[in-house]
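Residue numbers (this note's numbering), protein chains in the order written: chain A, -14 to 100; chain B, 26 to 140.
Hints are supplied without guarantee of correctness; some may be wrong.
Pulled a few chain B residues facing chain A out of the computed Cβ check, cut under 8 Å [claimed, not checked]:
#1 67
#2 69
#3 71
#4 74
#5 87
#6 115
#7 127
#8 128
#9 129
#10 130
#11 132
From chain A, some residues computed to sit far from chain B (all C-beta separations above 12 Å) [stated by the list, open to error]:
#12 1
#13 29
#14 70
#15 72
Calculated directly from the structure, the hints in this document are not laboratory data. Positions of the beta carbon are idealized from the N, C-alpha and C atoms, including for glycine.
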Amino acid sequence: DAGVIQSPRHEVTEMGQEVTLRCKPISGHDYLFWYRQTMMRGLELLIYFNNNVPIDDSGMPEDRFSAKMPNASFSTLKIQPSEPRDSAVYFCASSPYRELNTEAFFGQGTRLTVV
Amino acid sequence: AQSVTQLGSHVSVSEGALVLLRCNYSSSVPPYLFWYVQYPNQGLQLLLKYTSAATLVKGINGFEAEFKKSETSFHLTKPSAHMSDAAEYFCAVSRGQGGSEKLVFGKGTKLTVNP
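Input sequences plus hints: build the corresponding full structure.
Here it is in structure tokens:
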């Protein structure tokens, strides 16, 4: 398996623009997680899905952030409008639900810079 | 709610020296604990996980961690550091109240290995 695939790897955009980050989880994984990593706050869980259904979006910072999972093989994280403080590395991870101690598998991340 | 605290945001050791990275957890139910490693510009990779089968857990690259319930700790160790161990290490916990499936990460510890 190719692992979790994120695109783009790098994104530079101007403040106010819409940004869409994409994720393809590992086939057969029931859970998908979106994390944001910054120097100040570390790794923060933004939202996670189970079988394409959002379970917990309490980590989504503002209404400017939205996430969708239209099918088992694709998810998007959208920021509209983007702001400089959204600059961070965004990770997608997926996990098969076997037991609660099953680990999550991470993608390479998307480095977002908002100028 | 579950949480982890990593003591020391930076740890520096000499090549060949013992590596000790500290992690304490907070959970009202038996936790599932993980250590991940992140190399520069990469995603997170699982080092090892605690599954309750054994308190001493061996992982990849010679790392191991011991679960101590009395101390609520899950410290990561390696007897002899190698230059290639330089990376950032994250402790994570899942399954807090309500059996949440989400992974909560510590702030991370950056390990530097000096020649």
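Verification of the supplied hints:
no., hint, in the structure
1, 67, "holds (6 Å)"
2, 69, "holds (4 Å)"
3, 71, "holds (5 Å)"
4, 74, "holds (6 Å)"
5, 87, "violated (19 Å)"
6, 115, "holds (7 Å)"
7, 127, "holds (6 Å)"
8, 128, "holds (6 Å)"
9, 129, "holds (7 Å)"
10, 130, "holds (4 Å)"
11, 132, "holds (4 Å)"
12, 1, "holds (28 Å)"
13, 29, "violated (8 Å)"
14, 70, "holds (19 Å)"
15, 72, "holds (16 Å)"
The structure fails to meet hints 5, 13 from the earlier list, while all remaining hints are met.
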